[in-house]
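Got chain P sorted already, so can you dock chains H and Y onto it with the hints?
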Amino acid sequence: MNSKVTNRIALSLIVLCAVIMVSTLAALLGYILVKGLTNISWHFLTSESSAFMAGGGIKDQLWNSFYVLIITMILTIPIGTSGGIYLAEYARPGKLTSFIRSCVEVLASLPSIVVGMFGMLIFVNYFGFKFSVLSGALALTVFNLPVIVRVTEDGFRALPLHQKEGGLALGLTHWHTIKTILLPEAFPSILTGIILSAGRVFGESAALLFTAGMSTPNLDFTNWNPASPNSPLNLFRSAETLSVHIWAVNTSGIIPDIQAVANGSSAVLVICVLMFNLLARAVGKMINQKLSGR
Amino acid sequence: MKISKAMISELPDDLPKSSLLKEKGLIKRFTDRYSESRGRTIIYGSAFTVIIAVVAITLFLTLQGLRSFVVDHINFWTFITGTDWNTDQTKNPSFGAFAFIFGSMSVTLLAALIATPIAIGSAIFMAELAKKWGQRILQPVIEILVGIPSVVYGFIGLTVIVPFMRVHFGGSGFNMLAGAIVVGVMILPTVTSIAADSIRAVPDSLREASYAIGATKWQTIWRVVIPAAGSSLMTAIVLGMSRAFGEALAVQMVIGNATKFPHSIFDPAATLTTIITLSMGDTTTGSVINDALWSLGLILLIISYVFILIIRLLSRRRNV
Amino acid sequence: MVVQMENKITSFVNSEDVDRPVLINVEDTNIYYGDNHAVKHVNMPIHERSITALIGPSGCGKSTFIRTINRMNDLIPSARCEGKIDYHGINILSPKVDVVKLRTEIGMVFQQPNPFPKSISENIQLPLKFAGIHNKKTLRDVTEKCLKQVGLWEEVKDRLDRSATGLSGGQQQRLCIARALALKPDVILLDEPTSALDPVSSAKIEELLLQLKKDYTIVIVTHNMQQAARIADYTAFFYQGELVEFGTTKTLFTMPEKKSTSDYICGRFG
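Residue numbers (our numbering), protein chains in the order written: chain P, 1 to 294; chain H, 295 to 614; chain Y, 615 to 884.
Some clues are possibly wrong.
Stated by the list, open to error - Computed cross-link-like contacts, BS3-like style, restricted to lysine-lysine with a CA-CA straight-line distance of at most 27 Å:
hint, chain 1, residue 1, chain 2, residue 2
1, H, K425, P, K4
2, Y, K743, Y, K759
3, H, K426, P, K285
4, Y, K759, Y, K732
5, Y, K762, Y, K715
6, Y, K732, P, K290
7, P, K95, Y, K710
8, Y, K732, P, K179
9, Y, K798, Y, K828
10, Y, K732, Y, K743
11, P, K179, Y, K828
12, P, K290, H, K426
13, P, K285, H, K425
These are calculated hints, taken from the structure and not from any lab test.
Isolated chain P, as found in the complex (with noise of 0.2 Å):
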């Protein structure tokens, strides 16, 4: 065949691909919206879900998603940074360094049922925390652990070697030069990695099905004791998230509104986790313009 002739049907096929892909991935999010949008309302997102009645909404099961992403983060950005820290500044090459890439990288590379298993037979069981915020928390840390190191490892090595050595020339610590010079200097794009990070954790549901469990005691959103039983802070109460209240009413559901629920908590999910992929790209945007300003 001639090559101009192949070089067109060739072309165009790749087109075609990409023609297909968008507009697949198009009307998906289309569908979303649109299918969910009619059906949120402020009653849907602040009423509790109903287990036999038509008419629930998502109020626990949002906050409860909420809740366990922020506990996952106050325990993984502290972890997850120093860990990246180590990486980027401490480790030298050799076998420990390369076993522990290689571990975050395992970590990283594990299905989240397998995570959430893990979780809880150790979370669950063995600690004895039940299925709880806080098992859901710790799986999902182990979950989101890689990705903070890798955001920070990856910050630190962007950083010009000249700060560094005009820290360590002035007779500060390496420590005190992560500390004081480094660390606010890589803090951006940190934030932006674990906004990004903070989107994933929020859509996740096999990590949690048996770690943060299927169900949620009716939440008194007046009592913000954390010890008592139906505070909403509460710690050690099982909390059904967003998405696992998706999974949950279209598998098992027997509310005779299946569909306008699940329409309408997909579609708060997605667009939650597209406000956090937004307010990623827009604080890295912002540090662009910092940087080129100077």
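Below, chains H and Y without anything else, positioned relative to chain P:
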């Protein structure tokens, strides 16, 4: 400008002028402000946590997963080759997990078959044909889609693909192909984004050399760019497959969860992840069926490790 | 040729500054980057309260060498040093030396001005705070004095809490010198401090160094021979990792012993 050292004489004189040699002693190392042992302890401790997490996951899942063979005396061979999964305690229960292993493998392969051509094609489009808009519009859109939670994909599969299957191929509509399509679409953005990165990493000098000898765009892509990006493209596909393999809820929602061995892609089936998702909550810890589920988890873990190894090998070849 | 050179450089530094006692003595020092022998068998003294310039074509090992004097090369995992650099009876290269304390006594300023992205006063106060000085008045006084020493006070006194990255290149470099002075070091090492600056800023820095040498021992790496001739009391010429020649600047520029020195000074290579 008269300068003299006396000008800054208010500085305490005991500053660092004492000794240049290192201080000895464990306590001193933690209290001395020149020491960095405190910071170092935090940092090293965190790095160590990562190791602990991986070792603990591997160790505990292995121990728990071996229980069904060691404690409950299930035959290992019949476990991984048997196709009869009958957990009813009253009648003679049998645990043959081959149907699930097969289900996981075929869903993964089918998903890769669905996703790969479209993903690689789109990646070429983004990185070779429409660089500007590929960068500016497609890339962010794809990155956003990578972040869409898997339950959402599952939910769409349930409301769109399953009814479609029911109408056109009969049966309940819950089948293996539906599962494969759902995860295929799910890994599409991931594979595309990594593949596009690896195509961008191909140096321009190679392309120029190809154009210089009169090759068409397609010849350049096919003979130069794709071979040069080869193992990275493979990495992208394998990464996608490992994600597809480990996906639980999205597949579970559409695959039908039949424990029988599927005879065609239009039969309902089950995978390792779906059977765990479905049954784990209903079984009591320590029961034979529960142990068998942990063994399935162990198989899942082992195959995940195999994927990780393959990815390592691929990326090592790339670095050489 | 050499005579022409002498005519071009009208004023060498005062010769009375060249009899100072030796503060740092470098004895048979070798530096390696992996298998690459970057600095070979260097022997030279560094005299107290004088300016010693290290010159030579790029890649000759002069920067590597100066970075060894306060152990900045420890940052490079593949770098390795052998030999002895004697400072107050202590071998700087010894593993027993606390490099952090060493660097408070032997400060360093780099080619690229590298103020921290913090306010001007914070830039100077950071090392002081780390050294345990928290008295606000002392901090303020030291900041003012250091900035006065480098002649930056008048230019920045109204914007001490603005970001240091907003300063011009020359101001940034002087801030970096002020920062290095804050802890009252004995020695200041400068690695091509003016190569990223315009001529006017460079001249200011040179003038500043001549002032500072009354109180500090200064070692400067420069690829600008005129600069070495203008400010240095002693000059060391490095070529291909070896110290070819060391002597008072006047001797080295007017009566070099080695041919490669005179070739370099006359601009035949480099």
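Hints and how they fare:
no., hint, verdict
1, H:K425 <-> P:K4, "22 Å, holds"
2, Y:K743 <-> Y:K759, "16 Å, holds"
3, H:K426 <-> P:K285, "18 Å, holds"
4, Y:K759 <-> Y:K732, "19 Å, holds"
5, Y:K762 <-> Y:K715, "25 Å, holds"
6, Y:K732 <-> P:K290, "14 Å, holds"
7, P:K95 <-> Y:K710, "26 Å, holds"
8, Y:K732 <-> P:K179, "13 Å, holds"
9, Y:K798 <-> Y:K828, "13 Å, holds"
10, Y:K732 <-> Y:K743, "14 Å, holds"
11, P:K179 <-> Y:K828, "35 Å, violated"
12, P:K290 <-> H:K426, "24 Å, holds"
13, P:K285 <-> H:K425, "21 Å, holds"
Going down the numbered hints, you'll see the structure goes against just number 11.
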